[in-house]
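Asks: Here's the letter readout for the chains.
2 protein chains.
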Amino acid sequence: MTNPLSTGATIGILGGGQLGRMLSVAASRLGFKTCIYEPGGDSPASHVANYHFQKGYDDLDALKQFAQSVGVITYEFENIPTSALDALEAIKPIHPNRTALATSQDRLTEKDFLASLGLKTAPYADVTDAASLEAAIATIGTPAILKTRRMGYDGKGQSRLKSPDDAVKALADMNGAPAILEGFVDFSHEVSVIAARSLDGAVSCYDPGENVHSDGILSTTTVPANLTSAQRTDAVLLAAQILNALDYVGVLGVELFVTPQGLIVNEIAPRVHNSGHWTQNGCTICQFEQHIRAIAGWPLGDGSRHSDVVMENLIGDDVLRIPDIAKTTDAIHLYGKADAKPGRKMGHVNRITGHAS
Amino acid sequence: MTNPLSTGATIGILGGGQLGRMLSVAASRLGFKTCIYEPGGDSPASHVANYHFQKGYDDLDALKQFAQSVGVITYEFENIPTSALDALEAIKPIHPNRTALATSQDRLTEKDFLASLGLKTAPYADVTDAASLEAAIATIGTPAILKTRRMGYDGKGQSRLKSPDDAVKALADMNGAPAILEGFVDFSHEVSVIAARSLDGAVSCYDPGENVHSDGILSTTTVPANLTSAQRTDAVLLAAQILNALDYVGVLGVELFVTPQGLIVNEIAPRVHNSGHWTQNGCTICQFEQHIRAIAGWPLGDGSRHSDVVMENLIGDDVLRIPDIAKTTDAIHLYGKADAKPGRKMGHVNRITGHAS
Chain A
1 MTNPLSTGAT
11 IGILGGGQLG
21 RMLSVAASRL
31 GFKTCIYEPG
41 GDSPASHVAN
51 YHFQKGYDDL
61 DALKQFAQSV
71 GVITYEFENI
81 PTSALDALEA
91 IKPIHPNRTA
101 LATSQDRLTE
111 KDFLASLGLK
121 TAPYADVTDA
131 ASLEAAIATI
141 GTPAILKTRR
151 MGYDGKGQSR
161 LKSPDDAVKA
171 LADMNGAPAI
181 LEGFVDFSHE
191 VSVIAARSLD
201 GAVSCYDPGE
211 NVHSDGILST
221 TTVPANLTSA
231 QRTDAVLLAA
241 QILNALDYVG
251 VLGVELFVTP
261 QGLIVNEIAP
271 RVHNSGHWTQ
281 NGCTICQFEQ
291 HIRAIAGWPL
301 GDGSRHSDVV
311 MENLIGDDVL
321 RIPDIAKTTD
331 AIHLYGKADA
341 KPGRKMGHVN
351 RITGHAS
Chain B
1 MTNPLSTGAT
11 IGILGGGQLG
21 RMLSVAASRL
31 GFKTCIYEPG
41 GDSPASHVAN
51 YHFQKGYDDL
61 DALKQFAQSV
71 GVITYEFENI
81 PTSALDALEA
91 IKPIHPNRTA
101 LATSQDRLTE
111 KDFLASLGLK
121 TAPYADVTDA
131 ASLEAAIATI
141 GTPAILKTRR
151 MGYDGKGQSR
161 LKSPDDAVKA
171 LADMNGAPAI
181 LEGFVDFSHE
191 VSVIAARSLD
201 GAVSCYDPGE
211 NVHSDGILST
221 TTVPANLTSA
231 QRTDAVLLAA
241 QILNALDYVG
251 VLGVELFVTP
261 QGLIVNEIAP
271 RVHNSGHWTQ
281 NGCTICQFEQ
291 HIRAIAGWPL
301 GDGSRHSDVV
311 MENLIGDDVL
321 RIPDIAKTTD
331 AIHLYGKADA
341 KPGRKMGHVN
351 RITGHAS
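Chains as they are written, first to last, in the UniProt record's numbering: chain A, 1 to 357; chain B, 1 to 357.
Hints should not be assumed to be uniformly reliable.
Which copy is meant is left open, so a pair is good if it fits within one copy or across any two.
[Claimed, not checked] Dumping the calculated SDA-like pairs for lysine to any residue here, alpha-carbon to alpha-carbon at most 25 Å:
1) K327 with N3
2) K55 with D42
3) K64 with D42
4) K327 with D247
5) K327 with A9
6) K92 with A326
7) K327 with S307
8) K327 with G8
Rather than coming from a laboratory, the hints here were simulated on the basis of the structure.
Pulled out of the complex, with its shape left as it was, chain A reads as follows:
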């Protein structure tokens, strides 16, 4: 794709969750139609999209039809089968690109990539069996955390080692999946940068947000984050370095630990990110529109922040508070999910706490 996608064209989105839903809405503002590829029915994104391919990722015919019906393809989750990506990419461009996806799909590849850029990460080691875990513990020490290399999110696929005695259980928790051992980082708080890069290489970062997790799931993001001016600059520079190294097109989320020794990269997500939801009410152009602009070959929008915001996730039964929240000044964003299961992200609210200074 060398020319910008014209308004009226259709954007293909792999995945029908809340990120796809909010991407669809943002795309509609720019006059685009959207087509969701999602095996499940009644998905959050399908409610607001023009078209829905309710097909599996192993249905090559459906994937081909989907690719032929759209102008460009993006995704809202990382764990897309390689065979599906191969079939799609043969027909239409996929943004962000396969390198970005492959890098972030695998914790070891990701850490190696970040280290190759000279960026700081938690100490880590490849773990394939009991012997390599023992060696990793000898190098990294405990406490540490064993994580599957692939498919982990929101704290799943992880096992903590308080001492070397926990090694056997932790390895069993991996269910035979390749893993990495990560040392703990002594950080004061976590921030994230939502960064965007356009097809012509322009980069724009939103102000970093400060994240608080609960039970391994993001609970709140607050902007502005508690950072020095130098830390803010570092955060933007390292995000841009990552985007450029990946020849990235779209929005990327970069999670950072703030430590006395500087910013340490926790992980990157090659997509719009939960910690960027505050941009919907804190900026004129939100992360979802920024992503659509980038993958459509449009210029990036203005990511300036006009307001201070606290974003709070509504997890499971939190959504039952909506009647009370509706009486406040909070901006409500619900995902149209029917069942408020424990741990399920049902929506979020953005509380404006003041004008940006």
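Given chain A, work out where chain B should sit, using these hints.
Replies: Below, chain B alone, put in the same frame as chain A:
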């Protein structure tokens, strides 16, 4: 409807244009599904709605099915056939109510209603034939403007009389439709108030915007409007008076002429209004969400303005400027219409011009 509509319910919208499109998007933020009733295919609203009844307003079976499939019904245009409204209202509540619709559908009824509240309007007189037009001219004088009582919008169905000599042509322009003659008002500028009233009678008004028209179509709305503090208060009070008198539920647009003698009501529109599009980027809760909240029986949202905004309509070929506009900080809102016909509203942009003081 005595209980608030629960998130997950479906809201029925009559009309598939850009107002229905933006109402659908706002409804999705609150977790509602939407169902559009629109005879035309590929309509702006159907792109972002869950369901679309592509049926005529004379199809009583389709209207009944539509009403049975939704929790509440609203509309994005006024000229809905009475027989359709009767069929729908027998099954589900319609907000805003029939009184509001009947009042605003007919310029004479509207003027009589406003006069009954003691509000100022342009001088007007009922015109049914040549004799009544002659009498009207004798009372009101010229210049004046003859307007059909019903079905007029964006300057259509109107004929100007520079002198009494234009009477014959003006009457012919009405094509036999009942009309009213309106005297000209010597106003300095036009402003509008976007006002909302909830099911339990709470009222909330957005800051008035100042409107500039071109060829009878709204061109720009600027907030804040050029008004004294007393005029602002008057505008809010008269809007609330209108809402309460109509036992109104939803968002109402009130167009006002600013004159040395005070504010004169030009017309009211029982729906979200083009002159309220600035709220999408100037407020946390926009007019579309405010309308959805009201008709769903939810509390009204916070209509405070955080930014100064200039809204500019993109009419016809204006939309060809989008590639250049995309390079600016303007927020783009396109309607997904394929053909940029002259006079057709294709989208709008909101330019943030500063923090609200």
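Asks: Hints first: check each against the structure and report whether it holds.
Replies: Against the structure, the hints come out as follows:
no.: 1; hint: K327 with N3; result: between (46 Å within a copy, 15 Å between copies)
no.: 2; hint: K55 with D42; result: both (13 Å within a copy, 24 Å between copies)
no.: 3; hint: K64 with D42; result: both (22 Å within a copy, 24 Å between copies)
no.: 4; hint: K327 with D247; result: between (45 Å within a copy, 21 Å between copies)
no.: 5; hint: K327 with A9; result: between (39 Å within a copy, 19 Å between copies)
no.: 6; hint: K92 with A326; result: between (42 Å within a copy, 24 Å between copies)
no.: 7; hint: K327 with S307; result: both (21 Å within a copy, 22 Å between copies)
no.: 8; hint: K327 with G8; result: between (37 Å within a copy, 19 Å between copies)
In terms of the numbered hints stated before, the structure departs from none.
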